[in-house]
Amino acid sequence: VKSSILQTLEMNWQEIRGNWVLVPRNPIGIIHFLGGAFVATLPHLTYRWLLENLADQGYVIIATPFVNTLDHIAIAKSVLRKFEYTLEKLQDSGKLRKLYLPTYGVGHSMGCKLHLLIGSLFPIQRAGNILISFNNFAASEAIPLVEQLNSQLNSQLDIEFTPTPTQTNQIVQDSYQIRRNLLIRFNKDSLDQSANLTIILQQLFP
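Under the numbering used here, the first residue of the sequence shown carries the number 80, and numbering increases by one thereafter.
Treat the hints with caution; some may be incorrect.
[Said to hold, decoys possible] Restricting the straight-line Cα-Cα distance to at most 25 Å, the calculated cross-link-like pairs of lysine to any residue (SDA-like) are:
{"no.": "1", "residue 1": "K161", "residue 2": "S199"}
{"no.": "2", "residue 1": "K156", "residue 2": "K267"}
{"no.": "3", "residue 1": "K161", "residue 2": "I250"}
{"no.": "4", "residue 1": "K174", "residue 2": "A153"}
{"no.": "5", "residue 1": "K168", "residue 2": "A218"}
{"no.": "6", "residue 1": "K161", "residue 2": "G207"}
{"no.": "7", "residue 1": "K161", "residue 2": "L129"}
{"no.": "8", "residue 1": "K168", "residue 2": "N91"}
{"no.": "9", "residue 1": "K156", "residue 2": "I279"}
{"no.": "10", "residue 1": "K267", "residue 2": "I250"}
{"no.": "11", "residue 1": "K168", "residue 2": "N214"}
{"no.": "12", "residue 1": "K156", "residue 2": "R104"}
{"no.": "13", "residue 1": "K174", "residue 2": "S199"}
{"no.": "14", "residue 1": "K168", "residue 2": "F216"}
{"no.": "15", "residue 1": "K168", "residue 2": "F201"}
{"no.": "16", "residue 1": "K168", "residue 2": "Q93"}
{"no.": "17", "residue 1": "K168", "residue 2": "L121"}
{"no.": "18", "residue 1": "K156", "residue 2": "L262"}
{"no.": "19", "residue 1": "K156", "residue 2": "L261"}
{"no.": "20", "residue 1": "K267", "residue 2": "K174"}
[As the list claims (entries may be wrong)] Label pairs and their in silico Cβ distance ranges:
{"no.": "21", "residue 1": "Q249", "residue 2": "R104", "range": "40 to 48 Å"}
{"no.": "22", "residue 1": "L121", "residue 2": "Q249", "range": "31 to 39 Å"}
{"no.": "23", "residue 1": "Q252", "residue 2": "R176", "range": "36 to 44 Å"}
{"no.": "24", "residue 1": "I279", "residue 2": "F117", "range": "38 to 46 Å"}
{"no.": "25", "residue 1": "L270", "residue 2": "P181", "range": "40 to 48 Å"}
{"no.": "26", "residue 1": "Y179", "residue 2": "E239", "range": "17 to 25 Å"}
{"no.": "27", "residue 1": "W128", "residue 2": "Q281", "range": "37 to 45 Å"}
{"no.": "28", "residue 1": "T241", "residue 2": "A274", "range": "21 to 29 Å"}
{"no.": "29", "residue 1": "Q170", "residue 2": "I263", "range": "28 to 36 Å"}
{"no.": "30", "residue 1": "Q246", "residue 2": "N132", "range": "16 to 24 Å"}
{"no.": "31", "residue 1": "Y164", "residue 2": "I278", "range": "17 to 25 Å"}
{"no.": "32", "residue 1": "T120", "residue 2": "I263", "range": "21 to 29 Å"}
{"no.": "33", "residue 1": "R104", "residue 2": "Q252", "range": "37 to 45 Å"}
{"no.": "34", "residue 1": "V146", "residue 2": "P202", "range": "35 to 43 Å"}
These are computed hints drawn from the structure, not numbers from a lab.
The model shown is predicted, which means the values in this text are computed figures rather than measured ones.
Virtual Cβ for every residue (Gly too), placed ideally from N, Cα, C.
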């Protein structure tokens, strides 16, 4: 049975500066949510149950939609800018009255990679990151048609993500600054690469 708070929140998704937002009464923290590559354009719909339950626990939800391209650094920069603009709007409008609330990044699949890039390449404050079903595949593995297209092109023109999986791991090893991380892996997820990420994070933050 859903609580009355959750039932109210379901009717109050707001689109603010390119993000989908839920603001509960007396919030205790802020969640910046980024979804998976092919379901991230409408996060308030595709992740509705998860996000509304987190809001019901007292967290402001700022879910940033994005369209997947090959340039993941550009996407990371864009979603961070949208998040910061929306947070500024909430504060200026008085919807967030507290001067400080802990902010957590929550990502699923490609959203994890974006939070890792954000936490490595930009000066941000995060209380922690929650990374669900992390994957860091090459374009040919993540997008089936890419391998076929690559085979039809000159080998020097291979289509690949920026940064590549190897480059992503190196960026995290060299620059990731978020000390508190929760990695979530489902038992029957053959695409999950959390084990490799766990090794990197444990070396960074024993």
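How the hints compare with the structure:
Restraint check: the Cα-Cα separation between K161 and S199 comes to about 18 Å, which is no more than 25 Å; the hinted pair holds. The straight-line distance between the Cα atoms of K156 and K267 is roughly 32 Å, outside the 25 Å bound, and the hint therefore fails. Using a Cα cut-off of 25 Å, the hinted pair K161 and I250 holds, with the two alpha carbons roughly 23 Å apart. In summary, the hint linking K174 to A153 is not supported, as the alpha carbons are separated by about 29 Å, beyond the 25 Å threshold.
Restraint check for K168 and A218: the C-alpha separation of about 36 Å exceeds 25 Å, so the hint is violated. A C-alpha spacing of about 19 Å is found between K161 and G207, which places the hinted pair at or below 25 Å, so the restraint holds. For the proposed pair K161 and L129, the alpha carbon gap of about 21 Å is at most 25 Å, so the pair holds. Taking the CA atoms of K168 and N91, the gap is about 17 Å. The hint holds against a cut of 25 Å.
Annotation: proposed proximity of K156 to I279 holds, straight-line Cα distance about 23 Å (limit 25 Å). Annotation: proposed proximity of K267 to I250 is violated, straight-line Cα distance about 28 Å (limit 25 Å). Taking the CA atoms of K168 and N214, the gap is about 32 Å. The hint is violated against a cut of 25 Å. The suggested pairing of K156 with R104 is violated, with an alpha-carbon distance near 30 Å, which exceeds 25 Å.
About 30 Å separates the Cα atoms of K174 and S199, which puts this hinted pair outside 25 Å; it is violated. Note on K168 and F216: the hinted pairing is violated, with a Cα-Cα distance of about 35 Å set against a maximum of 25 Å. Between K168 and F201, the direct Cα distance comes to roughly 21 Å. Compliance with the 25 Å bound is thereby established for this hinted pair. A hinted pair counts as satisfied when its Cα atoms are at most 25 Å apart, and K168 with Q93 qualifies at roughly 12 Å.
For the hint pairing K168 with L121, the CA-to-CA distance comes to about 21 Å; that is within 25 Å, so the pair holds. A hinted pair counts as satisfied when its Cα atoms are at most 25 Å apart, and K156 with L262 qualifies at roughly 23 Å. The suggested pairing of K156 with L261 holds, with an alpha-carbon distance near 23 Å, which does not exceed 25 Å. Under the criterion of a C-alpha separation no larger than 25 Å, the hint pairing K267 with K174 is inconsistent with the structure, at around 40 Å.
Distance hint check for Q249 and R104: the Cβ-Cβ separation is about 44 Å, which falls inside the suggested range of 40 to 48 Å. The given range of 31 to 39 Å is respected by L121 and Q249, whose C-beta atoms sit roughly 33 Å from each other. Taking the beta carbon of each, Q252 and R176 are about 39 Å apart, inside 36 to 44 Å as hinted. Evaluation of the 38 to 46 Å hint for I279 and F117 yields a failure: the beta carbon distance comes to about 25 Å.
Distance hint check: the CB atoms of L270 and P181 are about 30 Å apart, inconsistent with the given range 40 to 48 Å. Separation of Y179 from E239 is about 40 Å and departs from the stated range, judged on CB atoms against 17 to 25 Å. Between W128 and Q281 the CB atoms are about 31 Å apart, so this pair departs from the stated range of 37 to 45 Å. The hinted window of 21 to 29 Å between T241 and A274 holds, with their beta carbons roughly 24 Å apart.
Take Q170 and I263: their Cβ atoms lie about 30 Å apart, and the range 28 to 36 Å holds. Take Q246 and N132: their Cβ atoms lie about 35 Å apart, and the range 16 to 24 Å is violated. Hint check: Y164 to I278, Cβ distance near 35 Å, so the stated range 17 to 25 Å is violated. Separation of T120 from I263 is about 22 Å and conforms to the stated range, judged on CB atoms against 21 to 29 Å.
The hinted window of 37 to 45 Å between R104 and Q252 holds, with their beta carbons roughly 41 Å apart. For the pair V146 and P202, the beta carbons lie near 26 Å from each other, so the given range of 35 to 43 Å is not met.
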